[in-house]
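Trainee: The task is to assemble the complex, starting from two chains supplied on their own in separate frames and drawing on the hints.
What follows is the residue order along each chain.
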Amino acid sequence: MSQSTTDHLTDNSTGMSYLDSLPRRIVTVFLPLLIFVFVLLFPFYWMAITAVKPNFQLTDYNNYSPLWVVQPTLDHIKYLLFETSYPAWLWNTIFISVAATFISLVTSVFAAYAIERLRFHGSRWVGLGIFLAYLVPPSILFIPLAIMVFGIGIYDTKLALILTYPTFLVPFSTWLLMGYFRSIPFELEECALVDGASRWQILIKVLLPLSVPGLISAGIFSFTLSWNEFIYALTFIQSSENKTVPVGVLTELVRSDVYEWGSLMAGALIGSLPVVILYSFFVDYYVSSMTGAVKE
Amino acid sequence: MAVTTARDAKAAPARRSFWSGIGQGRHVLGLLFMLPAAAFLLFFLTYPLGLGVWLGFTDTRIGRTGVFIGIENYQSLFEDSLFWLVVFNTLLYTIAASILKFALGLWLALLLNQHLPFKAFFRAVVLLPWVVPTVLSAIAFWWIFDSQYSIISWALIRMGLIDAPINFLGDVTNARASVIAANVWRGIPFVAISLLAGLQTIPPSLHEAATLDGATNWQRFRFITLPMLSPIIAVVMTFSVLFTFTDFQLIYVLTRGGPLNSTHLMATLSFQRAIPGGSLGEGAAIAVAMIPFLLAAILFSYFGLQRRKWQQGGGD
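Those protein sequence lines, which keep their order, are chains H and F.
Residue numbers for the first sequence follow my numbering, beginning at 1 and rising by one.
Residue numbers for the second sequence follow my numbering, beginning at 1001 and rising by one.
With the rest of the complex left out, here is chain F (with noise of 0.2 Å):
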C-alpha cells in the first residue's frame, strides 16, 4: 500500500497530462465498481444498524409499529436485575474464555512452531473445530455434558477420581465452566493458527543471538517472541473478544440462558426479549447495549497497536 501510494506521488507530476486524462475516468469509474459493495452494505448493514439504534427507543413488537418512548427501554433494562446478571455473565464468559483462549491458543502455536514430524497434519487437524458449524459441534457438546451419561462422568468415575455424574448443565457454576470450556474448545484454533503465522515472521537469528548471550528459554519467549508478537496478539485478540462477546449460538444450544439464567449472554437475552418474546424494542436496546463494550475492545486494540507499530518495522 505504502509502496503504491508513493508511485502515484512520484508518478503524478512527470505524467501529469496521462493521468489527467484517465484521472476523472478513474473516479467516476471507481465508485461506479463501488456501487454493488456500497449499496449491499448500505441496505442491509448501515441502516439496520441505524433502525436497531432507533428500535431501542421505541416500543415496537412483532406486528405492531412501535412509537418513540424515549430510554424507558433503556430505564426499565437499568431496573432490570436480570439484565445485570446478564451484562455480568457475558463479561465473566467473555473475560475468562479470552484468557484461556489466549494462553492455551499461545502455547498450542508455539508447541506447532517447533520442529516435528507431520506437522502439516497437526496443523491441518487443529484448525478443525473452528470449520465445523458451531452449532452442530455444541450439539456434540450437549450430548458430551449429559447429565447421565456423559463420557467426561464415565471417564472419571472409570478412574476412581469421583462417585456420581456431574451434573454440567445442571448446576450454576458447573454450567458457566461447561459453556465456557466448549466456547475455548472452539476458539483456540483460530488463536493458535493465526498466531503460529505471526510466530514464523519471527527472524530465528534474534533467538540464536539471544542463545550465544546466554538468554534462558523464558527470556527468549518474554524479550523476543512476545514483544515480536504483540501486534498481532492485539488484532487476534480484538476478534475473539468481539466474537465471544457476542455469542449466541453456543448458548443457544447448551442452556438457553439457564439454570437461573446463570448462562444468560447479552444476545440470548437480546434474542429471548425480542424473538420470542416479541418485544422487538426492547431486544434492541439490550442489543445497542452491546456497542459501548465493543467499541471499548476494538479502541482498546486500536491503541495497542499503535503505539507498537516500530516492532514490525513499519514507521519509527
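Chain H on its own, in the form it takes in the complex (with noise of 0.2 Å):
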C-alpha cells in the first residue's frame, strides 16, 4: 500500500552509511546479519534433508555427515503420498482455509465500510469492539467453544472449523480494510453520491477495485493463520480423514515406539510448502498487512 514510498524513505535512510568504513560495516552489519538468516533458516534446511534421507543414513553420523545426503530418496515422500491420510489432510487443510478465508473476507468487506464510511451511530464503538476482539485469544476459547460446537451438532465436520476461525479472521481482516479504506479519498464516493450511486453501488463499483491491494493483504494473511491454526482443529476434530496437516501430522504419524524423523520432516515440508509458496508471491503484502495490522 505505501511500497513506493517506504522505498523511498529507505533509500534516504541509508545515506549516511558512508560514513562508516568497509571493514567495520563487515564485522557490525554483515557478519550479524548472515548469523540471524543462517539461525533462522537452519531448520527448513535440517526438515528438507531429513525428508529425503534414507534410513540408515539418518542415525548414523560417524559414516555419513549428517548436514548432506548420498542417495537421496523420496520414499518418506511416497509414504506419506500413498499410505496415510496426508492428501485427505492437505484437501481438508485447502478446503477449511479457502472457506474460511471467503466468509471472513466478505463479512469484513461489508463491516469495515459500515465502520469506517457509512458512520453510523455507535460505529466507533464497534470499531474498538473489533479490535478487543483481536486480542482474544483462541487458548481461552476453545474450551467453550468445542461445547458450543458438541452443542449445534458440527463436532468432527469441517463446518466446525469453517465456521470458528473467523473468530480471529474476521478482527483482523476488518481492522486491515478499516485501514485500508481511510486510504482511499472520500472525494470519489462524493462524488459517486451526487452522481446518483446507491451505497451498494458505490462499495462495488468505486470502493472495491481500489481496495483490490487490501484485499489481496487480507486474505492471504487470512488463508496463512487458518493454515496455521492447531488448537481448534485439534479440539474440534476426531477422525483421521478430517484433520488438517498440523493435527494429522503430530497425531497420526508420531507413533510412540518409532519416530519416523524421514516422513515427519516430509509431512512438515509439504504442509509447509502451500503457504510458502503463496508468501513468496505476495511478500510486499504481508509485510503491509502485518505492519499495517499492528500500526493502527
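These are calculated hints, taken from the structure and not from any lab test.
Please note that the accuracy of each hint is not assured.
As the list claims (entries may be wrong) - Not everything, but these chain H residues come out facing chain F in the computed CB check (under 7 Å):
(1) 32
(2) 35
(3) 77
(4) 90
(5) 144
(6) 164
(7) 167
(8) 198
(9) 199
(10) 202
(11) 270
(12) 274
The structure displayed is predicted, hence computed values, not measured ones.
For every residue, glycine included, the Cβ atom is placed at its ideal position computed from N, Cα and C.
Mentor: Right, dumping it as C-alpha cells:
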C-alpha cells in the first residue's frame, strides 16, 4: 500500500552509511545478519535434508555427515502420499482455509465499510470492539467453543472449523480493511453519491476495485492464519479423515515407539510449502498487512 | 480518520438537507452491513467468552452438564501447587521470550534498515519462520532437540565443546531454555519486520543533524531511534506478550509440559485438564485465570501509547 513511499524512505535513511568503513561494516552489519539468516533458515534446511535422507543415514553420524545426503530418496514422501491420510489432510486444510477466508473477507468488507464510511451511530465503539476481539486468544475460547460445536451438532466436521476460524479472521481483516478504506479519498465516494449511485454501487464499483491490494493482503493473511491454526483443529476434530495437516502430522505420524523422522519432516515440509509459495508471490502484501495491523 | 471526521463536521451545516435525506438510510444501512460480522462475533466470540467464564464456576465434565459450584474451581486451583508452578512457568516463558524477541528483533530490524545488497531478499527470507505453521516448525525443532541425534549436539561435539549429547528436552533447565529458544526463533521475524516498518518512518534528517552535532552512534540510537520507535514498540510487544502468554502449540509439540511439568503453561494445563482430562469446568477456570494477565498487558501498552502520541506528530 505504501510500498513506493517506503522504498523512497529506505533509500534516504541509508544516506550516512558511507561514514562507516567497509571492514567495520562487515563486522557490525554483514556478519550478524548472516548469523541471523543462518539461524532463522537452518530448521528449514534440516527439515528438507531429513525428508530425503534414507533411513540408514538418518542416525549414522559416524559414516555419513548429517549435513549432507548421499543417495537422496523419495521413499518418505511416497510413504506419506500413498500410505497415510496425508493427501486428505492436505485437501481438508485447503478447503477449510479457503472457505473460512472467503466468509471472513465478505463479512469484513461490509463491516469495515460500515464502520469506516457509513459511520452509523456507535460505529466508533463497534470499531473499538472489533480491535478488542482481535486480542482475544484462541486458547481461552476453545473450551466453550468445543461445547458449542458439540451442542449444535457439528463436532468432528469441517464445518466446525470453517465457522470458528472467522472468530480470529474477521477482527483482523476488518481492522486491516478499515485502515485501507481510510486511505482511499472520500471525494471519490462523494462524486458517486452526487451522481446518484447507491451505497451498494459505491462499495462494489468504486471502493472495492480500488481496494484490491488491501483485499489481497487480508486474504492471504487470513489464509495463512487458517492454515496454521492448531488448537481448534485439535479439539474439534476426531476422525482421521477430517484432520488438518498440522493436527494430522502430529497425532497420526508420531507413533510412540519409533519416530519416523524422515516422513515426519517430509510431512512438515509439504505442509509448509503452500503457504511458503503463496508468501513468496505476495511478500509485500504480507509485510503491509502485518505492519498495517500493528500501525493501527 | 481525523480528516474524514473533520470533513463530516464541516460539511454537515452546509448540506443539511442532503444529509438529512439519506442520514436515516446511512445508519440503517450501516447496521445492516455490520450484521454478518456482528452475528459471527457475538455468537462465536462474545458468547463463548461469557460461556467460558460461566463454565469456570461449574463442575461441567465431558458428557455431563455441570451445576454452579461458585468459586470451588478457583479454590482448588489456589491450593494446587501445580497451578502455581504453571503460572510461574508461564511468566518465566513470557518474560524471557519477550525480552529476547525484542532485543534480537530490534537488532535485526536495525541491521535490515542499513544499506544492503539483496535487501528485499533478506527481508523476505527473514519472515519465513513466521509464515510456516508453528506446529510443523516445532516438529522440526523436536528433531533438532533430539536427545541422541541432535544436530546441535553433533556440531558442538565436533567442535570439541562438549563430550556427550545435550539432553535438550529431558532436563528441567534445558527444556525451559529449548522451548524459549524455539519460541524466540518463531517470534523474531514479526518483531523485526514490524519495527523495520517503524524505523523507516524516522526522518533521516534527524540522524544527519545529530551526527553534525557530534552525536555518537549510541546517542543517536538512544535519543532519536528509540523515542521515535516507542509507540510501535508498545504495540508490537503487546501482541508478542499476548501470544507468548497464551502459547499452546509449541509446548504441546515439544514437551507436552514435561519434564516434571517444568514447561507446562497455563494454556497447555487448561487443555490437559479439559480435553483429555474431561474436567471442562476446571479447564475453563484456568483459561479465565489468564484474562487478568492479558488485561494487564493490554493496559500497560495502552497507557504506554497514550503518553507518547506527540512523537508521531499527532495531538500535543
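Trainee: Indicate, hint by hint, whether the structure satisfies it.
Mentor: Against the structure, the hints come out as follows:
no., hint, in the structure
1, 32, "holds (6 Å)"
2, 35, "violated (10 Å)"
3, 77, "violated (15 Å)"
4, 90, "violated (12 Å)"
5, 144, "holds (4 Å)"
6, 164, "holds (6 Å)"
7, 167, "holds (5 Å)"
8, 198, "violated (9 Å)"
9, 199, "holds (6 Å)"
10, 202, "violated (11 Å)"
11, 270, "violated (9 Å)"
12, 274, "violated (10 Å)"
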